[in-house]
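S.K.: Based on the sequences and whatever the hints tell you, model everything.
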Amino acid sequence: MASHSRSRSAAAACSIALLRLLLLATTTAVMEMGRQRRQPHVEPADGSGYRTYIIRVEKPPQGTTVAAWHHSFLPSNTTALGEPRLWRSYHTVFDGFTARLTEEELNIVSAKPGFVRSFPNVILYPQTPGVVGSRGMITGVVDGGIYDKHPMLNDAGMDRPPERWSEIGACDERIVCNNKLIIS
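With mature numbering (1 follows the signal peptide of the UniProt record, and there is no 0) applied, the sequence shown corresponds to residues -29 to -1, 1 to 155, in that order.
Treat the hints loosely; a few may be bogus.
As the list claims (entries may be wrong) - The calculated lysine to aspartate or glutamate pairs, modelled on EDC-like cross-linking and capped at a C-alpha distance of 20 Å, are: (1) K120 <-> E29; (2) K151 <-> D130; (3) K151 <-> D119; (4) K30 <-> D66; (5) K30 <-> E14; (6) K120 <-> D130; (7) K151 <-> D126; (8) K120 <-> E14; (9) K120 <-> E134; (10) K83 <-> E14; (11) K120 <-> D17.
Claimed, not checked - Cβ-Cβ distance ranges computed for the label pairs, FRET-style: (12) P32 <-> Y96: 37 to 47 Å; (13) K83 <-> L52: 19 to 29 Å; (14) N149 <-> P32: 33 to 43 Å; (15) M123 <-> R88: 20 to 30 Å; (16) A38 <-> R88: 32 to 42 Å; (17) D130 <-> P84: 43 to 53 Å; (18) P133 <-> E29: 18 to 28 Å.
Since the hints were made in silico from the structure, they are not lab data.
C-beta atoms are modelled at their ideal positions from N, C-alpha and C, and glycine is treated no differently.
M.R.: Here it is as structure tokens:
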């Protein structure tokens, strides 16, 4: 009887150990999948070779406006597609701007006096849909520049914003708002 009881205990211990190992492997696999999803990546160039860059520059020379200083770095005011090149100007936390450039144009910009550094636009993917209870949650992002033609901002299948949001709408001819992209 004692040997029968010991074999049951051994089988139960073995089953528990196997279950723990299975849970550990599953948890590790899910964590690895989550890490892969969260990896930031540089925004790919569009079909014409344009990519969004954040350009850091020195302060404008005395007597030069911020806008004129930033435009002086760009090859033209619009891309070959007719889109505005300069998206945003920054002058509070750092001096610089966001612009649409090809890699060749970036090389020309970086050779100009006053250029400090450039950063390609990095795309991050929020994980809010995976959080329990996040359905219907409104997520706000403070951002200095956005490319409204990006496929991620397509509003196909989105409902209209609630009527109580009637006061929103800082959209202009440069940025087209839709049912997904709402600027306030």
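S.K.: Of the numbered hints stated earlier in the document, which are not met by this structure?
M.R.: Hints 1, 5, 9, 10, 16, 18 not satisfied by this model.
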